[in-house]
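Colleague: One letter stands for each residue in the lines below.
Protein chains: 4
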Amino acid sequence: MTAQYSTADMEALFESVKNWGRWGKEDERGALNFITSEKTAAAAQLVTSGESVSCSLEFPTQPAPDNPRSAQHMMVVAGDACTHGAGIEAAMDFIGVAFHGMAVSHLDALCHVFVNEEMYNGFPASAVLSTGATKNTVMAAKDGISSRGVLLDIPRLRGVDWLEIDQCISADELQAAEAAQGVTVDEGDILLIATGRDERRRIKGPWSPADGLAGLDASCVAWLHDRKVALLGSDGVSDAIPSGNAEGWPMPIHRCGIVAMGLHLLDNLRLETLAQACARHNRWEFFFVVAPLRVKRGTGSPVNPIAFL
Amino acid sequence: MTAQYSTADMEALFESVKNWGRWGKEDERGALNFITSEKTAAAAQLVTSGESVSCSLEFPTQPAPDNPRSAQHMMVVAGDACTHGAGIEAAMDFIGVAFHGMAVSHLDALCHVFVNEEMYNGFPASAVLSTGATKNTVMAAKDGISSRGVLLDIPRLRGVDWLEIDQCISADELQAAEAAQGVTVDEGDILLIATGRDERRRIKGPWSPADGLAGLDASCVAWLHDRKVALLGSDGVSDAIPSGNAEGWPMPIHRCGIVAMGLHLLDNLRLETLAQACARHNRWEFFFVVAPLRVKRGTGSPVNPIAFL
Amino acid sequence: MTAQYSTADMEALFESVKNWGRWGKEDERGALNFITSEKTAAAAQLVTSGESVSCSLEFPTQPAPDNPRSAQHMMVVAGDACTHGAGIEAAMDFIGVAFHGMAVSHLDALCHVFVNEEMYNGFPASAVLSTGATKNTVMAAKDGISSRGVLLDIPRLRGVDWLEIDQCISADELQAAEAAQGVTVDEGDILLIATGRDERRRIKGPWSPADGLAGLDASCVAWLHDRKVALLGSDGVSDAIPSGNAEGWPMPIHRCGIVAMGLHLLDNLRLETLAQACARHNRWEFFFVVAPLRVKRGTGSPVNPIAFL
Amino acid sequence: MTAQYSTADMEALFESVKNWGRWGKEDERGALNFITSEKTAAAAQLVTSGESVSCSLEFPTQPAPDNPRSAQHMMVVAGDACTHGAGIEAAMDFIGVAFHGMAVSHLDALCHVFVNEEMYNGFPASAVLSTGATKNTVMAAKDGISSRGVLLDIPRLRGVDWLEIDQCISADELQAAEAAQGVTVDEGDILLIATGRDERRRIKGPWSPADGLAGLDASCVAWLHDRKVALLGSDGVSDAIPSGNAEGWPMPIHRCGIVAMGLHLLDNLRLETLAQACARHNRWEFFFVVAPLRVKRGTGSPVNPIAFL
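Protein chains in written order, with my numbering: chain A, 304 to 612; chain B, 304 to 612; chain C, 304 to 612; chain D, 304 to 612.
Hints may be right or wrong, so weigh each one.
Identical chains share a label here; the pair holds if one copy fits it or two copies do between them.
Using 30 Å as the maximum straight-line C-alpha spacing, the simulated BS3-like pairs for lysine-lysine come out as follows [stated by the list, open to error]:
1) K507 / K599
2) K599 / K531
3) K445 / K599
4) K507 / K342
5) K342 / K445
6) K342 / K531
7) K321 / K342
8) K507 / K445
9) K599 / K342
10) K328 / K599
11) K507 / K321
Hints were generated in silico from the structure; no laboratory data involved.
Next comes chain A alone, as it looks inside the complex (with noise of 0.2 Å):
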């Protein structure tokens, strides 16, 4: 089901789509400039309901073959603390997490990718230090990401449950699933691919990514590319694994993506509950809400991303 590509095709794809320099040469926010005031206000206005659907799954604490490195929640002081004579009249605790795991739902910044020791508009690999990333940062999003956000829904066009593991997901499909649902996907909107990974792993149980997980294959990125995409999530990470394409080119959604674009990925996000409201109200757009945490010098953020219908 994927197409092949040669490694000069995808490095012809690569500066085909490349938007260095659109936005000028100090840029660090990428195809986030396609969202205006006036988008952002005009795709409130889509909030008919008030029904909200959160994105996100839940904080990976518990070790599973998706999540290897699962994410830290101790708690600092318990109710103990207050029953057993410690005076202390609060509970506290502690999250921490790597959260550029296949677990976390969350947001790459643009400095988490690098094609050729390169980042977006040409800032050099090594301006991410081992200090934290000097450029590209996740601050880029820092007053969060709010538009029209558009749901495809995969499994929904095929008739399926699910994508199974290996199978990927064509341009040609995603404009078949714009006309199979009524919508079309417009500059600045945020795209959000369901391939009903949440579903397989209830049913199935998790199973590590490694092994096979649907998604875009690379006749995608001019697609995106065209449609003026700000923002692009999937309850996988948009790329299909194994991309099946050139040799040396994995990943041609997060490296055409964010090298090239400067499209910002929301990654392993919980679609299942938005694809059922959606299909309720029968409509696939939305308000969509992202409001990463505010790290300086961050690659990304773990997010609980809001649709509001």
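Based on these hints, arrange chains B, C and D on the given structure of chain A.
Modeller: Okay, now just chains B, C and D, sitting in the frame of chain A:
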């Protein structure tokens, strides 16, 4: 400036604002129940300019007098891994935080505070185990908290840059701020109280909140209850420190608010930018979205709340 | 191969080896009291070759079936900070570990295990608060544990490379190993039991100890008590898993040893190199030093115990 | 009191004490090579009383002026889990530490410091990656460091309780201390320098070492080299702060010691108890054991070094 109360006064006040059982014996959402879908939908219509403003401080990785246990931000892999031949073309990091600190913008869940070994709705403190909370967790807010936000800017009312660290705000002053700003706090609103803490910190440098922090006094408790506020936030911790109340009755807003009323709190917000934006737009209401991480047994979450004008 | 006991048997065994009160009502050192200064001085005389052997596994930063919650090792600052102009001429790192895992060489303090809500010497389990232990902490070993060490090499006795994961070691076999090796366990000794776990892991790959782990059966409890062993260690966790005892009585070595006898344990040692060195020197006794971190309210510590031959 | 050096002096000093290549081009052990098995065996014979003394501070979990990034100690599960019906009859905890802080007793590996982007034996700073060190790691000391220890007690020599924070120790004074104490530092010894920091901290309270810390001046570099010291430790960080040397040449002991000589350092020891024990025994030599955690790519380790008299 602080009203003085006897212990008996405080106990009576606590009883008088109790919402235990109001939304059922098993309720863990408390005053969030004041936010209906209709309320959220109406609030979203307040987004007219599309301007979005973060109300979060930066993730506090640097030790300071108000940040003695600074948050962790460490790289898992930086740019050197691709520039020195390690073959990894991505950067990743780790964040960790005991988020109930005084320099972290965070949401307090209803399991955060106890009075007489009890939590909101009468659940025992012992339900907050060393392995995590089992009642009144942050999951009550898992789909986000979104409603009409109202900012009351007390330094603006007083004509000062900031409140001094030993100053309290009374219920009368909240009403005066409403009148001066031409805004009224309604059922289900998210109320934000600016004390000018950001400005004071920037000009005078950080200080330990143990030395004093401006906030609401106990007279505000009944007012918050009457107005049916759904969520209360401040650039401080809502409570004045010290609270100036009866001995053994510190933190009346935390104790009466969280425990008796079931009122979630947002602590240590950054409200300077929002206050400026509100003044510029000459409006003090906005759509407000808080999206905590979904920590299943958590006592709260670091957050980056977004106000939309 | 495992002896079977009734619940009543186990309860009687527990009572029969209780050292509560033996060294005073406030004692928190338990069997460490068997090590006198004279014992330590005599043991140091065993250092004849000057060869030192670490008995610790590597700090387990990689997830594995026996390491589902791998330890953290992250750089705070690496070499790039000086090679890319950040002006820092030092490298620093962070380590973090929930050290009671099955892949961490660690010392169990006497507050690690409870039986019927009690710890060694009758202190209540509630003395181990969410803010840390207040009784029977690792500080009992703050000046290190140093005595004569004796290794009993069970695979050597049996003529195998390793014990299978469902095999138990009885008291009779410990005595047989003594006889075969020409060594006798005396009062105040540190006893190490090799089961060949390192070799098995190296050859067959890691496995989850929940699937089975070789170790001592309940018949060893009285023997350890009679011999006045001061500290017990193993390449496993001393207990066989499953322990094959009466229902509700798992982990007899942990429960009778730590709780009744006040016997500290060393879990998940690496004994392969030590066994080879002992065979080469044809001696099974040595000076043995364990130096836990001084964690004031700690339940143990990761350690790198050193054997001197 | 501090000797003044020009930059050229320091560069010449650095060159003059270089041990690069002395133990082969691939050597990563440096001055640890001075410790032979015979040396260790002879040192063990110094254990006559059997008294053991910890030279480690408590694991520093409390913020303080000398501990701005305090270590983490959090319970994973406490006693409440068995007293409140959760069925877990064990307590477990987590420790985490960026151990190169000024309140942590720790070992500096040879990859900890760079001069002109180089480490000991000429390895490049770039070999210390954001994913961990690949040369000169703490694994050089994986089997522990064990040798004759010698304590030089400078406050005792001067007849004071402690050295003030702006005072330096010269090579002449080290020799004077040897004479006064009747002890001589030999090849392969572990040298400990007491400055009275513990006493000063206890009496006057903690202070930031950035404000000053007693230690050795640059005149000691050649002396340490001549004496073939294998490991150097102090209750401070061996270097005086500020070091009072040529501009751009801070920390001569760290830079000449670690980088040129390949001398591991022990920082922030607690030497008060050892000094008292030595005085009581009227001997200043002892068997000394340091057992770092085996962190494969680590720059050092927190340690609890034990002196045996």
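Colleague: With 30 Å as the alpha-carbon cut-off, assign the pair K507 and K445 to within, between, both or neither.
Modeller: between (37 Å within a copy, 25 Å between copies)
Colleague: 30 Å Cα cut-off: does K599 pair with K342 within a copy, between copies, both or neither?
Modeller: The answer is within: 26 Å in one copy meets 30 Å, while 34 Å across copies does not.
Colleague: From the Cα coordinates, with 30 Å as the cut-off, is the pair K507 and K321 best called within, between, both, or neither?
Modeller: neither (39 Å within a copy, 45 Å between copies)
Colleague: Check K445 against K599 for me: Cα-Cα at most 30 Å, and say if that holds within a copy, between copies, both or neither.
Modeller: Both. Shortest intra-copy (9 Å) and inter-copy (25 Å) distances satisfy the 30 Å Cα cut-off.
Colleague: As a check of your reading, is K328 near K599 (CA-CA no more than 30 Å) within one copy, between copies, both or neither?
Modeller: within (21 Å within a copy, 41 Å between copies)
Colleague: Treating 30 Å as the Cα threshold, decide for K507 and K342: within, between, both or neither.
Modeller: neither (40 Å within a copy, 39 Å between copies)
Colleague: Indicate which option fits the pair K321, K342 if close means a Cα-Cα distance not exceeding 30 Å: within, between, both or neither.
Modeller: Close inside one copy (23 Å), not across copies (43 Å); limit 30 Å.
Colleague: Is it within a copy, between copies, both, or neither that the alpha carbon of K342 lies no farther than 30 Å from that of K531?
Modeller: within (13 Å within a copy, 33 Å between copies)
Colleague: If the cutoff is 30 Å on CA atoms, where do K342 and K445 land: within, between, both or neither? Let me know, please.
Modeller: Both: 18 Å inside a chain and 26 Å across chains, each within 30 Å.
Colleague: Measure nothing new, just compare the shortest in-copy and cross-copy C-alpha distances for K507 and K599 to 30 Å and report within, between, both or neither.
Modeller: Between copies only: 22 Å across chains, 39 Å inside a chain, cut-off 30 Å.
Colleague: At most 30 Å between alpha carbons: which applies to K599 and K531, within, between, both or neither?
Modeller: Close inside one copy (27 Å), not across copies (36 Å); limit 30 Å.
Hint compliance for this structure: hints 4 and 11 are not met, and every other hint is.
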